[in-house]
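Here is what each chain is made of, one letter per residue.
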Amino acid sequence: MIKEAEQPNLPSGKEYWKSLDSLAETPGFKDWVSREFPEGASILEGVERRSFVKLMAASFGLAGLGMSGCRRPEHVILPYGKSPEELIPGVPAFYATSHPTSRGFQPLIVESHQGRPTKVEGNPSYLPYGGSTDVYSQASVLDLYDPDRAQGSFAQETLKNGVNRWKKVSTNTALDSLKDELSEGKVAVLANRSHSLLRQSLQRKALSSGIQWFEHDAIDYTSAENKLGKALGLKKALRAVPNLSSAKRVLSLDSDFLGNRESNELSNTRAFMAGRKVLKAADAKKMNRLYIAESDLSRTGGVADHRLRVESSQMIGFTSLVASVLVSKLGHSDQSLKKHLKILSSFTNSQKEWASEAVTDLLSNPKKSVVLAGSHLPAEVQLLAYEMNRLLGSIGSTINYIEVGASADSIQSLASKINDGAVERLIILGGNPVYQTKGFINWEDLSKKLKFVVRLGGSIDESSQIANYHLGQSHYLESWDLGTTWDQSSYVPVQPLIAPLFDTISEASFLSYLAGEEKDDHGLVKNLHSQISNGGDFEDFLRLGILATKPVLFTSVDATKALLSIKPAKVKSSKLSEDNLDVVIIPDFHAHDGQYANNGWMQECPDPISKLTWDNALLISPVLANILESKHPGLGLLPKPTMLNNNGQIAPDAAQFDGGKQKAPVVTVKVGDKSITAPLYVQPGLADFTLVATLGHGRTNVGRVGQGTGYDVTPLLSGDSLVISGVSIEPTGDFEILANVQEHWSMEGRAIVREANVDEYTANTGFASKMGAESHSPPMWGKDQDKSLQEKATTTPRGNSAYEHPDHTYEKSDVFGIHQWGMTIDLNQCTGCSACVVACQSENNIPVVGKDQVLRGREMHWIRLDRYFSSTTRDGAEIPSDVQVSFQGVACMHCETAPCETVCPVNATVHDEEGLNAMAYNRCVGTRYCANNCPYKVRRFNFFDWNKRKTDELYQGPLGDKNDSLVDMGKNPDVTVRMRGVMEKCTYCVQRIQESKIRTKVNAQQNAKFKTGEDGSNLKLETKDLKVPDGTIKTACQQVCPSDAIVFGDISDPDSEVSKLKNNPRDYSVLGYLNTRPRTTFLAKVRNPNPKMPDFASSPHSAREYHDAAHPSHHGDKHGAH
Amino acid sequence: MSEVKDIQEHEILKKVDPAPWKEVPLVLNNRSLKWVTDKICGIVESKTPSWWWWCFITALCIASFTGMGLVYLVSTGVGVWGNNNPVNWGWAIVNFVFWIGIGHAGTLISAVLCLLKQKWRTSINRASEAMTVFAVLCAGIFPLFHVGRVWFAWWLFPLPNSNAIWPQFRSPLEWDVFAVSTYATVSILFWYMGMIPDMAVLRDRAKETWRKYFYGFFAMGWRNANNHWRNFEMAYLLLAGLSTPLVLSVHTIVSFDFAVANLPGWHTTIFPPYFVAGAIFSGFGMVLTLLLPVRAVYGLHDLITQKHITNMCMITLATGSLVGYAYAMEFFIAWYGANSYEGFAFINRAFGNYWWSYWIMVSCNVICPQLFWFKKIRENIPLVWIISIFVNVGMWFERFVIANTTLSRDFLPSSWGYYSPTVVDIFTFFGTFGFFSVLFLLFLRFLPLMPMCEVKSVMPQADPHGDH
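Protein sequence lines, in the order shown, are assigned to chains A and B. Each step along the first sequence adds one to the number in the working numbering, with nothing skipped, and position 535 is 535. For the working numbering, count along the second sequence from 1 and bump the result up by 10000.
Think of the hints as simulated: they come from the structure by calculation, not from any bench. Careful: at least some of the hints might be erroneous.
[Claimed, not checked] Chain B is faced by these chain A residues, among others (derived, beta-carbon under 8 Å): (1) L178; (2) I627; (3) E748.
[Claimed, not checked] Here are a few chain A residues that face chain B, going by a calculated C-beta distance under 8 Å: (4) G659; (5) K663; (6) Y711; (7) P715; (8) G733; (9) R923; (10) H1107.
The C-beta atom is built at its ideal place from N, Cα and C for all residues, glycine as well.
Just chain B, with the same shape it has in the complex:
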């Protein structure tokens, strides 16, 4: 908010004497276009910093937990996890929904905000899309490996085979297969396509041969020609339009895994919007968790400004409140519906044997984000970062609460049980953070973490009507 730009004077304006239009610039300190290019490309072109190596090796080690956990799982049986008879889905499905939820912010930022012409999205969309792609990859591990016979998991795909049996199209798990694979495909396409002009920049600046070939290959012969730009922008818009319903559909369908089942606490129509809100909530939480350190490490304060952070905090606040509303509405409907099984399911959520997970969820998801009402807190970066982590934790617990409280105590009290994870569960999940970090570190090191062309387009320098 340091600079206020005077507007052109018009006759009418003199008469009405309006207050000056204060537009907060999206790139601070009046940086030049070249600075942006140097800054972003510099991250990729400079020598690999040692902290990167330390982080990378640590992440790789953590990722190996997932690898080992999965080898043990496949060779021995699902029994190495904590699942049991009433609770047939344990952490695996919780983790799947958690990661898929995180994957939502990327597409929302790049597609929905693009269509809504939210210019502030430009400096964060690339990293968010990368986060989306990696989160979806992490998410995909769980539904694939949670099945009893992984080697037959391909039966879920509608491939013509010698058994002449098709998948069952009425199953929400089948819908998941399509929803998640579509989402993954479109997200990767969108992410990659948006990177093409930046790849070309990197190619042009490259000095080492491998870089020339590497970026040259992925730049797909980009020449900055006008028709390239025209096609690019049209394609970008089309993909944005295509992805926008996906933001809503993926988590809607993931919520069907629960809502289509007939169990008390699962069988509710509120799930689709509630899950989508929760997904966006957790996605923004994760974007904040990731970008705040990146901003600090690479000194990107001029590009990721307080305005970005404030906006993200506000979206988090809004979606967090939506989620809180959904929690309350679930209770109301359970009471209003007068179904004793349903009523008990919710009382049990809050006060039953998993009460602690419910209250972790409520405090992280509903209470924590309310702090973002305060400007002081929004501008306190370390605090924002901590709250964003709470959001992530809370959203994991939300899925845990939904999956486990319902399954552990459903219709017949004789079958009530309890679920606790095993070491294998915990390590396999923990390992996915390593896997995610490995991918994200590689992204930071080798790919442009912001769309330079788009950032430039929202800078005053790019405005032909501007003073400059």
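Pulled out of the complex, with its shape left as it was, chain A reads as follows:
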């Protein structure tokens, strides 16, 4: 380490900024700056590898000095003669930070290779998430290297011909002109919602200097807490934080608490799915149960044991019904409440039995049941849910209500203040309010009344268009900040891993400038930390990445009075029909509220339920689809039934696939005088008269990735609610092509995802092995059938095979197979969140191929999530309305007798001694025979040079433009970037395996050196010392999984977790009868329905479909009539 004495004048943070400025003095940099946006946007000489390495080398020179943050203060020194400590070329460093989102700060550990952040992981120190992250945090690292970022600050100027253009200015210039304007007064800030404590403290200072503050988020996760606080007559907001680890029964009222529509997704998933872990029959009896009444088919609905389709606009009535049943079953003393609830629930005529049985079940588990209400639902539902939880005794056990500050003023009041002239200067902080509110705010008029607008944002978007200056906002991996997690139980830091790549400014620096403080953001965070921690060690905080705190718990109060004030008129809603529809607007899976619209990983990650990529569609129910189809013949919404559909051979597709491309009719959606056009997509599981639209697509000022994707729903927004009633649709006669990665929704009675109900499982824990063709065929392993897993894995007995293949034995191989790698995927744990898909993409440098190529069936994901629907009955060519959802993550199975290996003519895919099905990219010539012969279809072929060429110029071959080099900085250097013409697939993250093996070996060598005192080739290492301890290696998909569905490890070790799971009777191989002997096996799914419920079926639908297909004689002549 460079000693402190040798470097007496350490640069402070202030000087650090100066050193960037001095970098900006170099002629090369100036030349680059002089290039005008947007031409300059695509040319990045500024961050060429050489100069980048130089920059980073300078920062490494000061490693360990002064700030212990991962971004060291910069100081240009001579290149090192000796490598500084902490920096080992080729070995990544990990830093704790967090991802600031509107759902709270997500604690992270970020992997950095030679100063380049490459991979995001969850911070395991934050126990509710247990080291998992959501899909957006995984993808967020790509935004750092987005060539379409605002690469600095820009001023908008109007040319003589009236055309507006952006001229690059230095951020300091922009800030200077902002300073002049600030002194004029009448300044307002319009910000997105944030959970930053740093922002809160700076906001207070700004408010005291006369700046007004407004907030807006189109997808407002805080709306429920504000509504509930208000309904209970509190000044504060009341945030419901479920604690599902002890919940036995959950009733979800349109609440997607396991998905992206609610805020606590990760901890909910982790806690709730832990209650569904079934390893033995006794566990099944303790398994939790989920009831859901919802309008959309959410991921939570996919997990549910009982699912009722209820339109969101009817949800007050339905909730009243549930509450009424609950109150009467409880024998509540307040007769007026009983009577009032009865009146309220009288508007809901159906589902009484469903609600009644569900409530009975909730009541039979006192203090272990909980009612959750969707955050988009009105105050009445929030209030009813609160009171039900109170009556169930859930508050304090399965759900906590915490007091949080009420939200700032709304965007509507900002608009009226601008109209009144009370606000003349506007600062738009993050978010994208202009895009999100154009349905109810006339920005064209408002911008005329505004004298000066500054925008701080990551990219030049719709909201920048009304601004005079756009200040480039630093990515969170380039900034300092400090905030809280959603449950307010922890403070988490945001610390930068890299100096800003461009002349951008962090939100904290900007706000401190606004507050007139001009402190550097690092100092601010350090100050704030010392305040909140009472002088705790800042470096410890950064190292751990978390500081525990206690949320302010709300002492529950009786809400009877508030409930009695609910007016029946509010509950009464008009009857829905094809002319009077509901639209439920939800965050888009890909773009969220629009902020990930330019993120290629997110755009290409299929929506877990609809399986669409690169687009959103207007989802409609099969019932409505049939009505539309009969009203508008030739609409082309539903495919014409084929002979195979009509005679029940296969289920119909949910959409017309023309040459594999989904052809979706476009409709005009009208509500009042507002309208949009959108393509339709039939989604089984939707409430009959609900349309589901997603927000975040169809943006106009977005980068190259997000340009032209999807339709824009924002013109329909009213600013009040995301559930809009009184909607009608009219076909336009046009069609749009959608890129759907899964054409067929039914499993067709094949034993792919094997499922049973709890009763079936407890009666026969090995039910999974009684399904599939292998249950009828002779045992795969022949006489060795009953050998232990370990023996089978290490010796691979021949079974019935004539081949001597493969050989993992110690004696015959020159490289010992000390480990035998294997994986299990617990189908009972998967919620379909898809974080594994993006985590794998990030870890393994998987390219983005673009919509056109996805349409051609060439997506490259190494792990995919298959989503199957199964239905109560299947009537020929009809698309079912009530479906059960089954997810299955499928990646390379690493078959022991791999069909891909024997057919490769050049030995490019071979088995290694540890049971990996290895892919030698260098050797591959690309016959694609392996991909054909893979029964699981997990192999991916590089049809083009995805990494080298721009996605829209693939067909131009060598004449096409090369990809932006900025993206290359985010690549994982441990994984080969594949060229065109070669095959690729999941490697079980072989780079992580190798790294751990090397580390174990180094440790073993060091131990041996200490023990023997010798140092040389005569050191003897024992096999047990070379074994990587179980749990050391986590594959990328495993690490990110919030419910720990994926377990990877050594199956030759009988004590490893994966071995234990593989010995579980639920374990089975998909298509096991092919004798591929896959190393990835699945744990069958167990559903937990309530036998008293009206929709109870003694077997899961897919299991019934399997039995019908496997034993057609058992059900007589009636095809599909069950």
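Fit chain B to the given chain A structure using the hints.
What follows is chain B alone, placed relative to chain A:
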């Protein structure tokens, strides 16, 4: 059937009074040996007809499509074709099997019929062998260029190299390399060797110097010496014996590309015989397609007689029926095997999203050739020619059905997909017909299209016991 030759009278024959033995002559109109020589050599020696030039230039243009398609493919990537993830093999492999199949008739006619002493083969075997060689060349383009990195395709050959990695001998694609290259080598040898005496004739008749040298070079010093003939006939017989198993092996191994895979619809033991039957079927279809116009243009009616056509029609009928039987048997076994994946694969073939290709295949391959039961149709040359084209179309679709229906819908419904070719696919394939035509036109123009010596040997004039 115009002439009936009386047989010698014997005592015993008088007693039994048999019906006269009617042997249909293989060369009509009692042509002389010289006529045969003049006729065949005349085609080569006469001035190039203008129709030849038109055809040649057109064929060359069409062939350039393949060239351009391949340049685009290699420079840009396999993505320019329609292949996708479930259907990783598209038209390229279909075309490969199609052309290889066509290549079967030549060797069958020259080797198998030679061993079986089918004399009628003589007037058609040279052109069929040429067709075989050219078809194999066309076929070779596809497996070579369908790979992702053509520049490394040589890794499929067992060459010692610095990587010290050998090819994988368990892969059917590797077997293909050996099977097809062996077949190509033997076919070329057989074709060329059979031409040596005829080359000598052309050399001897040549007037221009280049001809003397050209044919002289390829005639390899042929002097019609007795020991030349003896060696020639022995070598011919040996090569015929060597090629006969090849007729069976090549398409058997090509069928292994599918049968060795584990996919439903591919993994069936019926494939080898079924593919061989189909190959012979398509080969004869192509021979008819080619020789009927050649016969008309060059006026070869005395050499390629109705008897030849009838025989070829009958073989087409027989093999077409065999193929039809195989189609039916596949369905039976899929049902009898009671494997739901297998069962679905076949129902899907007939009624799934590629049903149209299945029914094109069945109507062209099974129904069409049944017309050859009728003598009237066999003797209606234009109709025979049209049916032979249907046979070719049907056999292309057979390979398309096998490759695509299985790949597009295999085990996991989640991965089901659909394949459609791109313009590049279509043009590259179309271009190979041009390439084939270029070669065949050059053959017609410069090489003897019938083995004169062999034709003469089956003429009555060559029979020392004959009346003449």
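Hints and how they fare:
1. Checking L178 (chain A) against chain B by beta carbon gives a least distance of about 49 Å; that is not within 8 Å, so the hint is violated.
2. The beta carbon of I627 (chain A) comes no nearer than 27 Å to any beta carbon in chain B, farther than 8 Å, and the hint placing it at the interface is violated.
3. For the restraint placing E748 (chain A) at the interface with chain B, the shortest Cβ-Cβ distance is roughly 5 Å, inside the 8 Å limit, so the hint holds.
4. The interface hint given for G659 (chain A) holds, since its Cβ lies 5 Å from the closest Cβ of chain B, which is under the 8 Å cut-off.
5. Hint on K663 (chain A) is violated. Least Cβ distance to chain B is approximately 12 Å, over the 8 Å limit.
6. With 8 Å as the threshold, the beta carbon of Y711 (chain A) stays out of range of chain B, its nearest partner Cβ sitting at about 25 Å, so the hint is violated.
7. A hinted interface residue such as P715 (chain A) counts as satisfied when its beta carbon comes closer than 8 Å to some beta carbon of chain B; here the least separation is about 35 Å, so the hint is violated.
8. Taken as an interface hint, G733 (chain A) does not check out: its beta carbon lies about 25 Å from the nearest beta carbon of chain B, beyond 8 Å.
9. Residue-level restraint check for R923 (chain A) holds (minimum Cβ-Cβ distance to chain B is 7 Å; threshold 8 Å).
10. A cut of 8 Å between beta carbons decides the hint on H1107 (chain A): the least distance to chain B is about 12 Å, and the hint is violated.
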